[in-house]
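Enquirer: Spelled out, the chains give:
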Amino acid sequence: DVKVTQSSRYLVKRTGEKVFLECVQDMDHENMFWYRQDPGLGLRLIYFSYDVKMKEKGDIPEGYSVSREKKERFSLILESASTNQTSMYLCATSNAGLRETQYFGPGTRLLVL
Amino acid sequence: AQKVTQAQTEISVVEKEDVTLDCVYETRDTTYYLFWYKQPPSGELVFLIRRNSFDEQNEISGRYSWNFQKSTSSFNFTITASQVVDSAVYFCARSGGGADGLTFGKGTHLIIQP
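Chains as they are written, first to last, in my numbering: chain A, 1 to 113; chain B, 1 to 114.
None of these hints come from the bench; they were simulated from the model. Watch out, some of these pointers could steer you wrong.
Think about it this way: if two alpha-carbon atoms lie no more than 30 Å apart in a straight line, the pair counts; the simulated DSSO-like pairs of lysine-lysine are [stated by the list, open to error]: (1) A:Lys18 / A:Lys3; (2) A:Lys57 / B:Lys3; (3) B:Lys38 / A:Lys13; (4) A:Lys57 / B:Lys38; (5) A:Lys18 / A:Lys53; (6) B:Lys38 / A:Lys55; (7) A:Lys70 / A:Lys3; (8) B:Lys38 / A:Lys71; (9) A:Lys55 / B:Lys106; (10) B:Lys38 / A:Lys3; (11) A:Lys57 / B:Lys106; (12) A:Lys55 / B:Lys70; (13) B:Lys106 / A:Lys13; (14) A:Lys13 / A:Lys71; (15) A:Lys57 / A:Lys3; (16) B:Lys106 / A:Lys3.
A few chain A positions that, by computed beta-carbon distances, are all more than 12 Å from chain B [to be verified]: (17) Val4; (18) Glu17; (19) Lys18; (20) Val19; (21) Tyr64; (22) Glu69; (23) Glu79; (24) Ser82; (25) Gln85; (26) Arg109; (27) Leu113.
The C-beta atom is built at its ideal place from N, Cα and C for all residues, glycine as well.
Hey, can you work out the whole structure from these sequences and the hints?
Expert: If you want it as structure tokens, here you go:
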């Protein structure tokens, strides 16, 4: 079974703080993804990575950055959190090839005050 | 962007009824994949099915069945004899030839009442 874990289920931060969301997978998958989920908007892709030290922008990268120093770990960074970044953040992984099934972590619900 | 449309925002049925969730997608690709995911109240997206664009055979898995029709660009999901545990938000998604991961519909919130 694919196991994707995220560092926190719930997180409360203040405007302007630097926020790190961590995602770890144990299946040796090449691809890792960060999405945010908002009511009425579904899931939107923020960033993804095909390999270590490699990253690609998704549909809504503004205000975010990512880091992939090891294959199993993909971090999402909010350089200066803002209230409009309050959302549910979901990490996903898949084997090589973008058409492969993506497996999701439990999500982190972030509240920025 | 090539959209995925789930026109039903919310559906409420009584337990044991059959229910169909609609999904319509746009594509300019010859090769693409379609997916359904379930998101129960706990929040984690659970993979249900993946179909490729060359395989239009309908699929059945227990009480779940999927109807893929390229002619209408639809990939509908039917739950037969619904149960309360089926209550969740269901997402349809597609991947295509571009380097852009999955494109999701906005989801259908399914409520099964006892």
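Enquirer: For every hint, state whether the structure bears it out.
Expert: Right, here's what the structure says about each hint:
Taken as a hint, the Lys18 (chain A) and Lys3 (chain A) pair is honoured in the structure, with Cα atoms around 27 Å apart against an allowance of 30 Å. Restraint check for Lys57 (chain A) and Lys3 (chain B): the C-alpha separation of about 18 Å stays at or below 30 Å, so the hint holds. Under the criterion of a C-alpha separation no larger than 30 Å, the hint pairing Lys38 (chain B) with Lys13 (chain A) is consistent with the structure, at around 29 Å. This hinted pair checks out: Lys57 (chain A) and Lys38 (chain B) have alpha carbons roughly 26 Å apart, not beyond 30 Å.
For the hint linking Lys18 (chain A) to Lys53 (chain A), the alpha-carbon distance of about 21 Å falls within 30 Å, and the restraint holds. Pair hint Lys38 (chain B) plus Lys55 (chain A) holds up; C-alpha atoms about 27 Å apart against a cutoff of 30 Å. Between the alpha carbons of Lys70 (chain A) and Lys3 (chain A) the distance comes to roughly 16 Å, so the proposed pair stays at or under 30 Å and holds. With a C-alpha separation of about 27 Å, the suggested pair Lys38 (chain B) and Lys71 (chain A) falls inside the 30 Å cut-off, and the hint holds.
Only pairs whose Cα atoms come within 30 Å are accepted, and Lys55 (chain A) paired with Lys106 (chain B) is accepted, the gap being roughly 25 Å. For the proposed pair Lys38 (chain B) and Lys3 (chain A), the alpha carbon gap of about 17 Å is at most 30 Å, so the pair holds. Distance check on the hinted pair: Lys57 (chain A) and Lys106 (chain B) sit about 21 Å apart at the alpha-carbon level, within 30 Å; holds. Simply put, Lys55 (chain A) and Lys70 (chain B) have alpha-carbon atoms about 33 Å apart, too far for the 30 Å limit, and the pair is violated.
Between Lys106 (chain B) and Lys13 (chain A), the direct Cα distance comes to roughly 27 Å. Compliance with the 30 Å bound is thereby established for this hinted pair. Straight-line distance between C-alpha atoms of Lys13 (chain A) and Lys71 (chain A) comes to about 28 Å, which keeps the hinted pair within the 30 Å bound. Between Lys57 (chain A) and Lys3 (chain A) the alpha-carbon distance is near 24 Å, which keeps this suggested pair within the 30 Å criterion. Between Lys106 (chain B) and Lys3 (chain A) the alpha-carbon distance is near 25 Å, which keeps this suggested pair within the 30 Å criterion.
Its beta-carbon lying about 9 Å from the closest one in chain B, Val4 (chain A) breaks the requirement of being farther than 12 Å from that chain. Every CB of chain B lies more than 12 Å from the CB of Glu17 (chain A), the least distance being 23 Å, so the non-interface label holds. With a least beta-carbon separation of about 24 Å from chain B, Lys18 (chain A) lies farther than 12 Å from that chain, consistent with its non-interface assignment. Its beta-carbon lying about 19 Å from the closest one in chain B, Val19 (chain A) satisfies the requirement of being farther than 12 Å from that chain.
For Tyr64 (chain A), the non-interface assignment is confirmed: its Cβ lies about 15 Å from the closest Cβ of chain B, beyond the 12 Å cut-off. With a least CB separation of 21 Å from chain B, Glu69 (chain A) remains clear of the 12 Å interface cut-off, as annotated. With a least beta-carbon separation of about 22 Å from chain B, Glu79 (chain A) lies farther than 12 Å from that chain, consistent with its non-interface assignment. Even its closest Cβ contact with chain B, about 23 Å, leaves Ser82 (chain A) beyond 12 Å, as expected for a residue assigned away from the interface.
Under the 12 Å C-beta cut-off, the non-interface status given to Gln85 (chain A) relative to chain B holds; the minimum distance is some 18 Å. Listed as outside the interface, Arg109 (chain A) is inconsistent with that label: its C-beta sits roughly 8 Å from the nearest C-beta of chain B, within the 12 Å cut-off. Taking the minimum C-beta to C-beta distance to chain B, about 21 Å, the non-interface status of Leu113 (chain A) holds against the 12 Å cut.
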